[in-house]
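Visitor: For the protein sequence lines, the chains are A and B, in the order given. In the working numbering, each residue carries its 1-based index in the first sequence increased by 13. In the working numbering, each residue carries its 1-based index in the second sequence increased by 382.
Just so you know, these hints were derived from the structure itself, not from any lab. Possibly wrong hints are sitting among the right ones.
Covered stretches of chain A (chain B as the covering partner; in silico rule of three or more C-beta atoms under 8 Å from a C-beta of chain B) [stated by the list, open to error]:
1. 23 to 30
2. 50 to 57
3. 286 to 298
Calculated from the model, a selection of chain B residues having no Cβ within reach of chain A, i.e. all distances over 12 Å [claimed, not checked]:
4. R411
5. L427
6. P450
7. D478
8. L482
9. C530
10. P536
11. D553
12. A555
13. T561
14. R631
Some chain A residues well away from chain B (every beta-carbon gap over 10 Å; in silico) [as the list claims (entries may be wrong)]:
15. D40
16. E42
17. E129
18. T301
Cβ coordinates follow ideal geometry from the N, Cα and C atoms, glycine included.
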Amino acid sequence: MRLRPFAHIDVFAGRPGTGNPLAVVLDAEGLSAEQMQSIAAWTNVVETTFLLPPSTAEASYRVRIFTPRHEIPFAGHPSLGSAQAWLESGGKINEDDELIQECGAGLLPIHVEDREGVRRLFFRTPAVQSLRTATDSEPGLAAAVSGVELGALPPALVEAGRRWWLVELASEASLRALQPDLDAIAQWSRLSDSMGMCVFARCHDQPYQLAVRAFAPAFGISEDPASGAANATIAAWLRHAGALHAVGEEYSVSQGREIGRDARIDLRVRPNGAIWVGGETQTVVRGTIAW
Amino acid sequence: MTGLRFLQLDVFADRPGTGNGLAVIIDGRRFDTATMQAIANWTNLSETTFVLPPTLPQASYRVRIFTPKSELPFAGHPSVGTAHAVLESGWAQAVDGRLLQECVAGLLPIKVHGELAGRTISVRAPRARQLDWPADSAPLLEQAFVGCRLADVPPALVSNGPAWWCVQLADEASVRAMTPRLPQLAALTRATEAVGVAVFARGDSDDPMLVVRAFCPADGIPEDPVTGSANAAIAAHLLRSGALAGLGRRYWVSQGREVGRDGRIDIEIDSDDEVWIGGRTQTVISGTLAWS
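Bound conformation, chain B alone (with noise of 0.2 Å):
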């Protein structure tokens, strides 16, 4: 059997080793569901896509997305990645610095900006919406948060897909001294069927812009290196909730040090207040994959 192309990148990385890892396999056309899903389980990465021909004709390329366990309609880094990898490997093309992405969450656009080395790519997020606290927020947030200085804004519940609770701290060293108190933390978004709490709070110097960590316990994710659709959820609670004066609705965030990593994720807000995720992509890994 012939090899199938295969890339393990790192996703709003400036450098390897700095992102959130990403295999791709060019293409999947030989593979079925169950095939993708053990490959997925094998590469042991917070999630491997498939690279497949469009089914519509205005697409670019379709993507399924897999984690170990189980396939997503949609995820920011695995997009930002794919679209990386099918411009390197000349799988598609971007037309007026645009591709447009089949994923089972339907057609998300794509822009591509700059080439090669110094290319980033960004992925409209969908469209989030702020939800009603649940009952039993309230004390749950607050035992989570026991020593941490909370900015004067309150925390918000909101979905872009997934829902991620939104939590604005003092300053960045709040964000960057914080310890996590992830049983507490796990309770609070069990009990409010949330993946995950997002903190955040402005850079001290605006470089960054803004840090965020991202936390998943109930996941089995103490803390997500670089988070494309928690910083997704910001963007949109900044927005509705006018905190974006003195931000702009162009931003750089820094996310992952606490964790080894130094990820840094590109935010534009556009005319239309759609929110769109991106950052550069560096292709660590490049071969083939034998899976038979």
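Chain A on its own, in the form it takes in the complex (with noise of 0.2 Å):
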């Protein structure tokens, strides 16, 4: 039986246990679908990547990315692991310091950042196709908001790769106890084609400007550890209201933490608007996987 080279990665992690984890099998040429698909039940990791050789000479890598029951074209978080995955095994970056993931979704730059001996890793997030605000009867809101401190900002639906309803509340503390009705916001994501509530206050004299949490229960998601989609739509969002100031075009978030997670998730709005998600990886198992 061939051994192929293996990694269990956490993703937004500053050490490891505190973000969202990605198994990874290097060297996957020769394995058919069938059998990724089989790894990727049997991992039951919420994602597992198989790296293969690019089919394109620009691209670095070519990634096909499963979830135990099937395979998905893009998520941001298994792309990150992936990226420091190859990194690892000996990758090397361009004059831009980027690499090129080759993914179901097409070609994606990765930024590779180094600062102070601590690298991160960003992709770009897609453009905001939409974006409006509540209206005042915007129907099953106000049942999933119910009793939450709102925060300056009116609450948002953005369209950036995918739909989230954002609810500014009004302090970390808020936004840390606030126990979400679940039932409402599953029944106000259905009626507005949207992936579901996701929470943020800023945050003062602490190593992060921004505290999220996300909620996707029409999804079987009750609270997501750390969400890299639905990040990308909050800095779109703070853009466009004009309260980037708050937190810089460069700033930190804490997610997770309700959830026994503790995930640090780094934003970067560039100038031209682009926006890219990124964060620290930790390399928690290496070794190799006999299947």
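Could you use the hints to bring the two separately framed chains together as a complex?
Guide: As structure tokens, this is what we get:
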């Protein structure tokens, strides 16, 4: 049986166990899609990725991404973890400090930032496709935010790759204490054809500038530990609303504490409006897989 | 920090992906209980074990067993897999084909047959006892098995640590085709303080000899792929009800095909009427763990 290099990586994590895990099988050539799906079901990690030689010269590698149930064209945290595994296996970045990932959604640049001995990887998020604030009688809103202390910005529905309701809360304390009404959020998400509700609060005297919690109960995710796409929509909303100065064009997010994690997500909002989401990764397990 | 030995195994599996996953870390001395629990939560496998030096001189090794949520005193597939890991890594050696595992539940003997890829390992299950049916069991059982063809043997509630409802169905097809009524099964196990419901039937052609499925919906596990304790409970139930005639004191079980696995469990009932559960283990992932 052939042994292939394997890594189990924690993404958006300053230390092991705090972020969103990912299993990576390197040198996946020769595995069928059925075998990849079986491996992803067996590892029981939220996503398992398989690295393959690229099919075009400009790409660094090709990746296929599987949840335990099916293959998906793209997702943020699996892209960052796959890039980390590829770099650790000897992959080299180009003169723009980038590597190019080929995946089901096309070619995607991953930016590698080294600052003060800390390496962070970033992926560029899709541009905003639509954005609107809630109407006075927005169906489903009242029940979903009942009893919640709202912050300065009005609730907004923002689509950038995925569509989320974004609700600013008055303080970090009210965000941490929030007991979400998942039934009401699921209903609101169905009424608006959105992923769910993402709440955020500006933070003071913390190593992060924003705290975030993301609820997608209509998709079976009561609370997500670390959400790349959702955080990108928040950054776009802050920029659109003229509130980005409150957190800065480069800011950090704390997410996941309420469900036993402690993820740190970093945002980079470029002058042209492009939003990059990333963070640190921790390689927890290095080894081989026999299948 | 240097990495620790990390193995991710497939237990009760003749080939990778067919059994029940298990992570084993060798060794766990540098971790406190909270860290072990955090690692077990992170692997997201049904169990993660930590091998430790034994505290008793007669023990081969000590093991602590964690689910993503809590520590267990004993469990079958983690014991079989951990024994495989200590042998594979050279951490302990079998003496006369035996290991003695120290765990929270006490000292448990383990038998090792064969070597390397052909090696099978079996562990003696804690002695089972049959419990009286709690009040209201009958209507709850009836609700849970609407539309199922039951065998002509009454269900039994058997405890070997966890308590299992053991329910014999008419034939292999009835087991394979069963669509579990999960809310009703959950209601039954909650009301009777059972961990789950195990259904079984004789195999059509004695290959396998017994087919088993195990449902634990109240624990958040609709169907467990391969279950040591449920199989030990069924063996004790068969022994007690005199149904072993025709099956014998050694038989093998198929479990997990309905959830995309294909586990094989070897059962032995020894001359002291102790139940041993065993099988083969595949080393799927082998490497190091860095956790600080």
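Visitor: Which of the numbered hints above does this structure break?
Guide: 5, 6, 18
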